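Use the sequences and the hints to build the structure in full.
Sequence order for the protein chains is P and F.
Taken in order, the first sequence gives residues 6 to 306; the numbers are from my numbering.
Taken in order, the second sequence gives residues 6 to 306; the numbers are from my numbering.
Be careful, since some hints might not be right.
What the hints assert, rightly or not - Distance condition first, Cα-Cα at most 20 Å in a straight line; then the derived SDA-like pairs of lysine to any residue:
| id | chain 1 | residue 1 | chain 2 | residue 2 |
| --- | --- | --- | --- | --- |
| 1 | P | 179 | P | 17 |
| 2 | F | 204 | P | 92 |
| 3 | P | 88 | P | 104 |
| 4 | P | 204 | F | 271 |
| 5 | P | 281 | F | 140 |
| 6 | P | 24 | F | 197 |
| 7 | P | 277 | F | 226 |
| 8 | F | 24 | F | 281 |
| 9 | F | 277 | P | 191 |
| 10 | P | 118 | P | 181 |
| 11 | P | 277 | F | 196 |
| 12 | P | 24 | F | 211 |
| 13 | P | 272 | F | 204 |
| 14 | P | 118 | P | 92 |
| 15 | F | 140 | F | 160 |
| 16 | P | 204 | F | 274 |
| 17 | F | 204 | P | 207 |
| 18 | P | 272 | F | 196 |
| 19 | F | 204 | P | 245 |
| 20 | P | 277 | F | 223 |
| 21 | F | 282 | P | 194 |
| 22 | F | 204 | P | 133 |
| 23 | F | 281 | F | 62 |
| 24 | F | 167 | F | 208 |
| 25 | P | 272 | F | 227 |
| 26 | F | 281 | P | 130 |
| 27 | F | 272 | P | 226 |
| 28 | F | 281 | P | 181 |
| 29 | F | 24 | P | 200 |
| 30 | F | 88 | F | 17 |
| 31 | P | 204 | F | 272 |
| 32 | F | 281 | P | 227 |
| 33 | F | 281 | P | 195 |
FYI, nobody ran anything at the bench for these hints, they're computed from the structure.
Predicted model only: the values in this text are computed from it and were never measured.
2 protein chains.
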Amino acid sequence: MTETIISSASKEVIIGFDKPFCIIGERINPTGRKLLAAEMAAGDFSRVEADTLAQVAAGATMLDVNAGIPLADEPKILADTIKLVQSLTDLPISIDSSIVAALESGLKVYQGKALVNSVTGEEERLEQVLPLIKKYGAAVVAISNDETGISEDPDVRFEVAKKIVEHAADYGIKACDVVVDPLVMPVGALNDAGVQIMKLIRRLRDELKVNTTCGASNFSFGLPNRHGLNAAFLSMAIREGLTSAIMNPLHEPELAAVKGADIVMGKDPNCKTWIKKFREPMPEGSSAAAGREGRRRRRAR
Amino acid sequence: MTETIISSASKEVIIGFDKPFCIIGERINPTGRKLLAAEMAAGDFSRVEADTLAQVAAGATMLDVNAGIPLADEPKILADTIKLVQSLTDLPISIDSSIVAALESGLKVYQGKALVNSVTGEEERLEQVLPLIKKYGAAVVAISNDETGISEDPDVRFEVAKKIVEHAADYGIKACDVVVDPLVMPVGALNDAGVQIMKLIRRLRDELKVNTTCGASNFSFGLPNRHGLNAAFLSMAIREGLTSAIMNPLHEPELAAVKGADIVMGKDPNCKTWIKKFREPMPEGSSAAAGREGRRRRRAR
Chain P
6 MTETIISSAS KEVIIGFDKP FCIIGERINP TGRKLLAAEM AAGDFSRVEA
56 DTLAQVAAGA TMLDVNAGIP LADEPKILAD TIKLVQSLTD LPISIDSSIV
106 AALESGLKVY QGKALVNSVT GEEERLEQVL PLIKKYGAAV VAISNDETGI
156 SEDPDVRFEV AKKIVEHAAD YGIKACDVVV DPLVMPVGAL NDAGVQIMKL
206 IRRLRDELKV NTTCGASNFS FGLPNRHGLN AAFLSMAIRE GLTSAIMNPL
256 HEPELAAVKG ADIVMGKDPN CKTWIKKFRE PMPEGSSAAA GREGRRRRRA
306 R
Chain F
6 MTETIISSAS KEVIIGFDKP FCIIGERINP TGRKLLAAEM AAGDFSRVEA
56 DTLAQVAAGA TMLDVNAGIP LADEPKILAD TIKLVQSLTD LPISIDSSIV
106 AALESGLKVY QGKALVNSVT GEEERLEQVL PLIKKYGAAV VAISNDETGI
156 SEDPDVRFEV AKKIVEHAAD YGIKACDVVV DPLVMPVGAL NDAGVQIMKL
206 IRRLRDELKV NTTCGASNFS FGLPNRHGLN AAFLSMAIRE GLTSAIMNPL
256 HEPELAAVKG ADIVMGKDPN CKTWIKKFRE PMPEGSSAAA GREGRRRRRA
306 R
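Have a look at this one:
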């Protein structure tokens, strides 16, 4: 059984078909967050700190860290952010950048075995990123696009993923250390996006036997009630073999979808994680029964 | 491909693997609803009326109608309720009773081809209910328990379902007119309930080739955040082949789970049903943009 081991200095996380679903918290990312970008560029990491703690509390398994700020010193900011996050939590980190120098700068300061996000099937990227993965003993997210762009044909995306796994092997990186992102398309624009991605995830699991990850929220782009649609997508993708996702653990529908999937698939013995997460915290002085009733009433529509 | 056709006087619904998921609205049922029971027994059907309209508006595909009130004249009340519901909506009805005389009384007044809920694998029930199904040209929900009770072994439940389908054939009832309820167990009490029911639903689809239904909310019995867990369960069960469920369409997480599953499986072309359901209704005088923004803000957590 394929197991991708990721670690911090003191904690190990295993991504695998038999393991609870791996939630990679996506919040520490200035893309599209102007305020966070300005603060990080100015050396103010208070929001990064808050996002770290909130995601840990919400139930993240790992945290993605991205410092992609235009015109800023990304390698330095990424390294600083990683050091800060590692001082706040023992959750392993996914080091996220499109700039190779930033990835290396992050890997240099990282304590443990990181997941690097990401490499694509483009020759130049493969030759730049894979040696780094090998040098630092990391694992890598493999995005299934190449020089020709992102194919709408899932069979082409499968072949790109296969190519990356083979290239990684050439560099001495095992398939279990390649986590494939099959690229989720927006179903509002591409009608058979759901049908195709389900088949692709199943093929990646059964034929290539790799762990997988994705940005699930792409699926609902442009549609109303995105949380509800993301939730259905995630539960079903997990059923087909998806083993991790880059997502916001503070979004309760999505969180319930993946934690619920763990229960359905027998990965949450006695529903312990579920009960711990969703049981109403008891307000001081109130009885347990009253606390539960309050929650039920709030949820009912 | 197995298609179960159910109809009212003017509308036909098809339950099938290639069809949008069939939502059988569960609200018209006095079990556990003291006020409704008292009202129905006293001939006051105002709440039945409200429940009918609310479920139709929420997106039900069919409506289950049950009149199980202790010490009341169930055959008469069930017939009266069916006549009322049929005067309010053209959605087909699932006639729900454990009393055979009530089922027949309902079938007598029903306009169209009803779904009868239910028959079990008990010999006596089979001999009482199946002739009625044949006589009135109805379809039937087959619950996979028999004289020995409900087996925790899904293979036994499969065999019971198979037995009912075979008995139905003896009476001239086609397999496509038998919708199997594999019996969803509470995962809080039975840890592998999820793993087992997924396998059982898949076997019913692939081997017995029948449509299926269930009371999905049983799965989450006794656990917190039942809506969230039901939603994950439903999406995953649909992926395995579940084609209908007796559920409350007014519960938005569950509704999103089944409508989202339709999108993922390519059964909602251009996401038309989803958009119609979840797009914010425009408040008078407001712009479309303002309406959408309002919804987004409300959903974000």
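Proposed proximity, residue 92(P) with residue 118(P) (alpha carbon, max 20 Å): Distance ~16 Å between residue 118(P) and residue 92(P) Cα, so the pair holds.
Agreement of residue 277(F) and residue 191(P) with the hint, judged by alpha carbon distance not exceeding 20 Å: Satisfied, since the Cα-Cα distance of roughly 15 Å is no more than 20 Å.
Hinted pair residue 282(F) and residue 194(P), Cα distance within 20 Å: At roughly 18 Å apart (the allowed maximum being 20 Å), residue 194(P) and residue 282(F) satisfy the hint.
Given pair status - residue 272(F), residue 204(P), alpha carbons within 20 Å: holds (16 Å)
Hinted pair residue 204(P) and residue 274(F), Cα distance within 20 Å: The given pair, whose Cα atoms are some 19 Å apart, holds under the 20 Å limit.
Restraint status (C-alpha distance of residue 281(F) to residue 62(F) at most 20 Å): With Cα atoms ~12 Å apart, residue 281(F) and residue 62(F) stay inside 20 Å; holds.
Distance restraint between residue 204(F) and residue 92(P), which requires alpha-carbon spacing of 20 Å or less: violated (44 Å)
Restraint check for residue 277(P) with residue 226(F), where alpha carbons must lie at most 20 Å apart: Status holds; Cα separation ~15 Å.
20 Å Cα cutoff - pair residue 140(F), residue 160(F): The hint is violated at about 31 Å.
Straight-line alpha-carbon gap residue 281(F) to residue 181(P), limit 20 Å: violated (43 Å)
Residue 277(P) paired with residue 196(F) [C-alpha distance capped at 20 Å]: holds (11 Å)
Distance restraint between residue 88(P) and residue 104(P), which requires alpha-carbon spacing of 20 Å or less: Holds - the C-alpha atoms of residue 104(P) and residue 88(P) are around 18 Å apart, at most 20 Å.
Hints 2, 5, 12, 15, 22, 26, 28, counting from the list given before, are not met by this structure.
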